[in-house]
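*Asks:* Sequence:
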Amino acid sequence: MQLIVAIVQDKDVNRLTKALNEHGFRTTKLASTGGFLKRYNTTLIIGCQEEYVDEALEIIKEHSSTRREQSPTVDPERATQDLFKIKGVKTGGATVFVLPVEKFFQF
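To convert, note that position 104 of the sequence shown is 140 in this note's numbering; the numbers rise steadily by one, no gaps.
No incorrect hints appear here.
With a cut-off of at most 25 Å between alpha-carbon atoms, the simulated DMTMM-like pairs for lysine to aspartate or glutamate come out as follows:
#1 Lys65 with Asp46
#2 Lys97 with Glu87
#3 Lys139 with Glu86
#4 Lys54 with Glu94
#5 Lys54 with Glu98
#6 Lys139 with Asp90
#7 Lys97 with Glu86
#8 Lys65 with Asp48
#9 Lys65 with Glu91
#10 Lys97 with Asp48
#11 Lys97 with Asp46
#12 Lys47 with Glu98
#13 Lys54 with Glu86
#14 Lys54 with Glu87
#15 Lys97 with Glu58
#16 Lys47 with Asp90
#17 Lys139 with Glu91
#18 Lys54 with Glu91
#19 Lys47 with Glu94
#20 Lys65 with Glu86
#21 Lys65 with Asp90
#22 Lys47 with Glu58
#23 Lys65 with Glu94
#24 Lys65 with Glu138
#25 Lys65 with Glu87
#26 Lys139 with Glu87
#27 Lys65 with Glu98
#28 Lys47 with Glu91
#29 Lys54 with Asp90
These are calculated hints, taken from the structure and not from any lab test.
The whole structure should be built from the sequences, with the hints applied where relevant.
*Replies:* Rendered as structure tokens:
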């Protein structure tokens, strides 16, 4: 048994959980906040057998897009001309941890 912990942006979570559910993966959603851009995101917890981990990871990869967003720390009034050339910060995608589960109980 493995525990997949996937941190995804709120913009991606609905289509991702739908795709996971369609492939038989049950998820638990936890609201969370990122430290870098202070954006809301969702942490998904997915328990599955080891032989299905790669399938779950592929679904997560496929449904977690990256995008560029303007950093909230850039102040246009104080910015130099060079800062206005910045297209933004790459965000999105997923941060995923796969952890071994020693024991599993369901009551």
